[in-house]
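Novice: These are the residues of each chain, in order.
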Amino acid sequence: MSRVYVLSLQTQLEEAVAGERKNLSGNVTVPEQLFQEKNQQALEANFPGVFAFIGFHPAVDKNVTSYLQSGSLSSDSGSNILVLFTLDTHATSPVSLNARSFQRWINLDTSVQPSYTLIRSMFKDPTVLTFPGAVFFEHFIQSQNPVYVPLPDISSEDAVRQHMRKVFALAEKVYLLSHKKNKSFLDRFAQALLAEKISYERGGDISAREWFVKALRFLNERRGDIVSIVQLFKP
Amino acid sequence: MASQTNKANARLRDLFELFLQDVQALGIFASHATLKKEAMETFLISRGGIFDLALQGGEALQGLALENTSLPVLYNTRHWPEQAPLAGYLTPDSAINYSHVLATHFGNWAYECSHGPFYPRLIRASLWMWYKNDLESAVQYLFDLQKHGYFSIDQGVEDTIAILIASQSLGKDPQEIIAAYFDGKVPQSNTDWLNWDIQVPQQTFAKIDAEAARPILEFIIMETLAEWEHIRSLDDPVAWLLRQAAFTTRCGQVRRLCLRSSLEPTLKLKSILSQFEEIHADGSVYLSYRTWAKFAPLKSPLSLQASYMLKIFQSQFGEKGEERLYHDRLIYPAVLREPLAKYGAKILREQEQLFEWSIVPPKIFHSYAACFSAGYPDSALRSAYFPAEQVAEVPLVRQFFELSGIQEQEARVAILHQVYHERLIWSQQLDALLTEQRKQLLEILGIAHQALCHEELQRDLIAAITMTDSGEKERMLNHLHTLYPWFPAVYRELAIFFDESGDPQRAWDFILTAVLLEPDQAMNWQSLGRILQRLGDSTGARFARAIKEFLAERKQQ
Numbered sequence: 001m002s003r004v005y006v007l008s009l010q011t012q013l014e015e016a017v018a019g020e021r022k023n024l025s026g027n028v029t030v031p032e033q034l035f036q037e038k039n040q041q042a043l044e045a046n047f048p049g050v051f052a053f054i055g056f057h058p059a060v061d062k063n064v065t066s067y068l069q070s071g072s073l074s075s076d077s078g079s080n081i082l083v084l085f086t087l088d089t090h091a092t093s094p095v096s097l098n099a100r101s102f103q104r105w106i107n108l109d110t111s112v113q114p115s116y117t118l119i120r121s122m123f124k125d126p127t128v129l130t131f132p133g134a135v136f137f138e139h140f141i142q143s144q145n146p147v148y149v150p151l152p153d154i155s156s157e158d159a160v161r162q163h164m165r166k167v168f169a170l171a172e173k174v175y176l177l178s179h180k181k182n183k184s185f186l187d188r189f190a191q192a193l194l195a196e197k198i199s200y201e202r203g204g205d206i207s208a209r210e211w212f213v214k215a216l217r218f219l220n221e222r223r224g225d226i227v228s229i230v231q232l233f234k235p
Numbered sequence: 236m237a238s239q240t241n242k243a244n245a246r247l248r249d250l251f252e253l254f255l256q257d258v259q260a261l262g263i264f265a266s267h268a269t270l271k272k273e274a275m276e277t278f279l280i281s282r283g284g285i286f287d288l289a290l291q292g293g294e295a296l297q298g299l300a301l302e303n304t305s306l307p308v309l310y311n312t313r314h315w316p317e318q319a320p321l322a323g324y325l326t327p328d329s330a331i332n333y334s335h336v337l338a339t340h341f342g343n344w345a346y347e348c349s350h351g352p353f354y355p356r357l358i359r360a361s362l363w364m365w366y367k368n369d370l371e372s373a374v375q376y377l378f379d380l381q382k383h384g385y386f387s388i389d390q391g392v393e394d395t396i397a398i399l400i401a402s403q404s405l406g407k408d409p410q411e412i413i414a415a416y417f418d419g420k421v422p423q424s425n426t427d428w429l430n431w432d433i434q435v436p437q438q439t440f441a442k443i444d445a446e447a448a449r450p451i452l453e454f455i456i457m458e459t460l461a462e463w464e465h466i467r468s469l470d471d472p473v474a475w476l477l478r479q480a481a482f483t484t485r486c487g488q489v490r491r492l493c494l495r496s497s498l499e500p501t502l503k504l505k506s507i508l509s510q511f512e513e514i515h516a517d518g519s520v521y522l523s524y525r526t527w528a529k530f531a532p533l534k535s536p537l538s539l540q541a542s543y544m545l546k547i548f549q550s551q552f553g554e555k556g557e558e559r560l561y562h563d564r565l566i567y568p569a570v571l572r573e574p575l576a577k578y579g580a581k582i583l584r585e586q587e588q589l590f591e592w593s594i595v596p597p598k599i600f601h602s603y604a605a606c607f608s609a610g611y612p613d614s615a616l617r618s619a620y621f622p623a624e625q626v627a628e629v630p631l632v633r634q635f636f637e638l639s640g641i642q643e644q645e646a647r648v649a650i651l652h653q654v655y656h657e658r659l660i661w662s663q664q665l666d667a668l669l670t671e672q673r674k675q676l677l678e679i680l681g682i683a684h685q686a687l688c689h690e691e692l693q694r695d696l697i698a699a700i701t702m703t704d705s706g707e708k709e710r711m712l713n714h715l716h717t718l719y720p721w722f723p724a725v726y727r728e729l730a731i732f733f734d735e736s737g738d739p740q741r742a743w744d745f746i747l748t749a750v751l752l753e754p755d756q757a758m759n760w761q762s763l764g765r766i767l768q769r770l771g772d773s774t775g776a777r778f779a780r781a782i783k784e785f786l787a788e789r790k791q792q
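Protein chains in written order, with our numbering: chain W, 1 to 235; chain Y, 236 to 792.
Here chain Y stands alone, though its shape is the one from the complex:
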């Protein structure tokens, strides 16, 4: 019985870890673009509520607990275990669970949206880490919080580190330094730490003393270099994307922290800081998505950057170009070197086993899209454009061309290649269009593309569901999966297909993605329950059914 419970928990833990990852992703991506209050609210309403409900339910009914001891934890004032430490890393006896961690994330972001960086919490938690361990641990902890998406504004982490470095002059030992923040006294209990007023001493805003800064800055740089080496070795598209996104932020922070001190860098450090500057600048790819047209396929930042950076480096440095791009930057991981060097970035789309690297990963689509996508929250996005000829036939588009006096099919297709496919082809007719008309065309193309997507999805999904030939059905669903990799129903149908084909193991990953993409859809939980049952996890199945019932009832109300 005990082993059965563990097994059940292992399955649900997969799901809970993915919920947590999605939440962490929002914080990481938000560091690249000011998180808009509306985007955060949409995320919290459509996803946060149901995540929280499921996690609290799982904890209460299943006794499901966090296990990852490398996870940094941070207090919040809404939902935090009484005896738990306010900061540090997860320990088996801390009673900190998924819902507590979630409450901290949501609380931090809400604060940041209204007030900017959450200095009181950052400083309190890092002082605690300093007091319980040392300054290096406190700094490492702050970077770990950032890596796990606890904060949406990177300025807070950077300033707090600068304050900590400067705080070394406040006393001869950690006790004296901490006391300087709490009116001359050192907090004795958790309650003291959480409740005493904190005052940042004025001296910490003075220029950082060079000699005091040296060891800690050296530690920060060395740890950053180690992180850089580590990220290159990652071979999972989601893990890679999240760590790389957080690292580009960190590179900017570390560089600025070095420049804030009056220490003179060696030529080697200058070289390294220049590379950090480049890597930080590469992070601007994330924000560039905001300017994309609504119909543009959501290529992964990796695929986007690799395609043009490889061309630049190879044209400038020949066959050594790839070598330099790989080593000097952090555009793609070691695992992709060989195919990218040989075939360029197009191989990511062409080879089935590399396809996942070519698109924004579905398991963190909502976080990504909430931060960057112009078309959010529509998830019926196509991973490729429709042919220009097909788009030209959409009544709205046809009408536009007629009213603009562009009658020939060839001219219409040429314009669509440039505006819709975003290819750089000169077209006399496009040149003749006024700016206002171009804007109008973009709008129309957004509507036309969306209409074509919904039409295609509905038609092909129904055809696939009703298909009786199993081989053909699988082919149709896989085709849809490649074309619409962010659409939840496609994953649900794939899960149902494999479940009914007697392969619940394979169904599991599909249903997990469906639930992540659309956590408030009762049908996803129903299928999840059925698959869990088939996998021999009846308690997990009961839990999934309970969520399904709740969602179905909520919908009726």
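This is chain W alone, in the form it adopts within the complex:
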């Protein structure tokens, strides 16, 4: 199996807003400063697509874990969806995924599993959520109503992969259409899921900026990170 590397979202955000500025500490900054209004343009230019954040428990949802470790996520999700997930270690420089990845949080109860907690925080009534699943949102800064898509079948790694591919393909299609027409992605995505009979939940009106800052801080305190799989060159 080829090596799969992940990189912290924070490092990517730092790169996006850094411009030509460089000092002794490189691009490094604190989460609060990343989402300032002055960075909005740079963030939107560097993250033009939509986001998906995966909620999973490394032991309870072990087929999701092996799916993430396999590294096919990046090719499954296409180039317009940035898929994020939690890692149990800092990844501000690239970290390779291996059999030990995610193991530190393996014994945490589902009620305190970081990725579950972060998704629950987007919903007024989190009891409606069933895990594992992926929450979709489209902006870094504006308020929005995220769309949560639970994974109905996690009986095997392949079942996880098939469902993920289906949802990502749909999201990609909706994104391209809505992008072309300059329309909001999330409403159209929800409609498309409904048409495909894929169940989903809509989150409350949340400020993505607040959510990101809190999420990065929350994981930082737990010596973890929000990461995505490293792809090197654009297609």
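You may find that some hints are simply not true.
Claimed, not checked - In silico DSSO-like pairs for lysine-lysine, Cα to Cα no more than 27 Å straight-line:
| no. | chain 1 | residue 1 | chain 2 | residue 2 |
| --- | --- | --- | --- | --- |
| 1 | Y | Lys272 | W | Lys214 |
| 2 | Y | Lys442 | Y | Lys505 |
| 3 | W | Lys38 | Y | Lys407 |
| 4 | W | Lys214 | Y | Lys555 |
| 5 | W | Lys181 | W | Lys124 |
| 6 | W | Lys124 | W | Lys197 |
| 7 | W | Lys166 | W | Lys234 |
| 8 | Y | Lys555 | Y | Lys577 |
| 9 | Y | Lys272 | W | Lys234 |
| 10 | W | Lys124 | W | Lys38 |
| 11 | W | Lys234 | Y | Lys555 |
| 12 | Y | Lys598 | Y | Lys790 |
| 13 | W | Lys166 | W | Lys180 |
| 14 | Y | Lys272 | W | Lys38 |
| 15 | W | Lys183 | W | Lys124 |
| 16 | Y | Lys272 | Y | Lys534 |
| 17 | Y | Lys598 | W | Lys234 |
Since the hints were made in silico from the structure, they are not lab data.
Keep in mind it's a predicted model, so treat the numbers as computed, not measured.
Knowing the structure of chain W, use the given hints to seat chain Y on it.
Specialist: Just chain Y now, kept in the frame of chain W:
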């Protein structure tokens, strides 16, 4: 008998591996600073000759052979086994030995000093690797050669990789590609490979085709990330320093190779390349030693960088600062995280078991100093400054102050704190000194410091040698060892002390360091022979005595 020979070889192999490491170190460090011809010649005359003599003698008399199969090997035209492959990695049946490897290093550097990057050899060897294996192996091999100090100019490795990437357009398979370099034919034998004229096709200088570059660049980046992870896990100060130094060079090369292609990097790759850029820039610490005053203690680059980078990161990012510095850069390894995060870089000097990390490692001192030190080749260097009050009393320094009209002791000490201790303290009197006077003071301080070092060393070393109380003697020698960690006689005396105390095992590492620091000193070989004898290795002991005799005779002539 057979097992005894193996044991003997194991001891001498320790020494030979260290000789090789020292030579490799010179190549690695030279990539950070143009290797001056005089520095290389001094190194070859004072060390290269005796290394070569010892290695060839060891190979002939002891049958001592290289064993490390991860060692990349590269041909040379002066001393290379007839049937050995011209490139690749060591195999037990290749007959390639220490002296062959050494000859390649020395030959490469001599060429580079006169002509710049050694393209003909780099290209020939990497084409061979491509032909025998694949393109990825050829590229990996080039980075491995660099990691082992075969070349002193990093540009050569980088350009050769760019040429290889572009060469993919020369044919549909390796045969066609190789033939394009050899007038349409593929070399059939070792002799062909070594002797046929090589012509780099013009197409390889064109802009690199994006799609052809993608897989190999992705491979290079992934391997670089793996190397980064690996280096963090090293726990030996010498291994760490050498790999880190080579890695900072590699980061710059990989970044530039990516920029040379027309592929568009993702934001993630841009983030990674920015980190490579920072790590590459951290490598500038090596060159900064050239500007140091002759009397400045040779702190390790790690200790130097950790001390100010930790302060910067911690002041900007609080308790998370250390976390970011460790992860985003390559300033120190995992094993030092806890003490550095808790106590800062000063802990390296204060804690005995961490002391080795705080100084330029003695076992590669000469390579380091030949490349960077302003005071080279003096090895009577002190790991700490003398107190300003003591320096103020040296007649030359006193005379300087008198002639400059600075009479008060307090003012003199304040100036010395700033100029000699390099502390940032404002001093009115120093401000009044003219630039020319400051320069003169620096010169004088260099002489005064050196004189104090030699005086202290001579006095304390004689006192330690003549001390009859064993406990006190050990304490005195250890104290000297901490103060003068690059001075060979200190190691020799420690080796003799432990040998005579019935602990030849402990003596062994000290005598190895003494020989490395001063390989042309007959007394070191004499002690080495005695310790080998005590360790039950009489053939090794005979070998050491033979070298000693040779050196003693050479000195008489």
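Novice: Next step is simple, just say for each hint if it's right about the structure.
Specialist: Hints, one by one, checked against the model:
1. This hinted pair does not check out: Lys272 of chain Y and Lys214 of chain W have alpha carbons roughly 58 Å apart, beyond 27 Å.
2. Distance restraint check for Lys442 of chain Y and Lys505 of chain Y: the Cα-Cα separation of roughly 21 Å lies within the 27 Å cut-off, and the hinted pair is therefore satisfied.
3. For a cut-off of 27 Å, the pair hint linking Lys38 of chain W to Lys407 of chain Y is broken: about 51 Å separates their Cα positions.
4. Pair hint Lys214 of chain W plus Lys555 of chain Y holds up; C-alpha atoms about 16 Å apart against a cutoff of 27 Å.
5. Pair hint Lys181 of chain W plus Lys124 of chain W does not hold up; C-alpha atoms about 30 Å apart against a cutoff of 27 Å.
6. The hinted pair formed by Lys124 of chain W and Lys197 of chain W meets the criterion: a straight-line CA distance of about 24 Å does not exceed 27 Å.
7. For the suggested pair Lys166 of chain W and Lys234 of chain W, the alpha carbons sit about 22 Å apart, so the restraint of at most 27 Å is met.
8. For the suggested pair Lys555 of chain Y and Lys577 of chain Y, the alpha carbons sit about 12 Å apart, so the restraint of at most 27 Å is met.
9. Annotation: proposed proximity of Lys272 of chain Y to Lys234 of chain W is violated, straight-line Cα distance about 45 Å (limit 27 Å).
10. A threshold of 27 Å between alpha carbons decides the hint, and for Lys124 of chain W with Lys38 of chain W the separation of about 30 Å lies outside it, so the pair is violated.
11. Taking the CA atoms of Lys234 of chain W and Lys555 of chain Y, the gap is about 32 Å. The hint is violated against a cut of 27 Å.
12. Restraint check for Lys598 of chain Y and Lys790 of chain Y: the C-alpha separation of about 25 Å stays at or below 27 Å, so the hint holds.
13. The straight-line distance between the Cα atoms of Lys166 of chain W and Lys180 of chain W is roughly 21 Å, inside the 27 Å bound, and the hint therefore holds.
14. Restraint check: the Cα-Cα separation between Lys272 of chain Y and Lys38 of chain W comes to about 53 Å, which exceeds 27 Å; the hinted pair is violated.
15. Distance check on the hinted pair: Lys183 of chain W and Lys124 of chain W sit about 25 Å apart at the alpha-carbon level, within 27 Å; holds.
16. In summary, the hint linking Lys272 of chain Y to Lys534 of chain Y is supported, as the alpha carbons are separated by about 26 Å, within the 27 Å threshold.
17. At most 27 Å may separate the alpha-carbon atoms for a hinted pair to count; Lys598 of chain Y and Lys234 of chain W exceed this at roughly 46 Å.
In terms of the numbered hints stated before, the structure departs from hints 1, 3, 5, 9, 10, 11, 14, 17, listed from lowest to highest.
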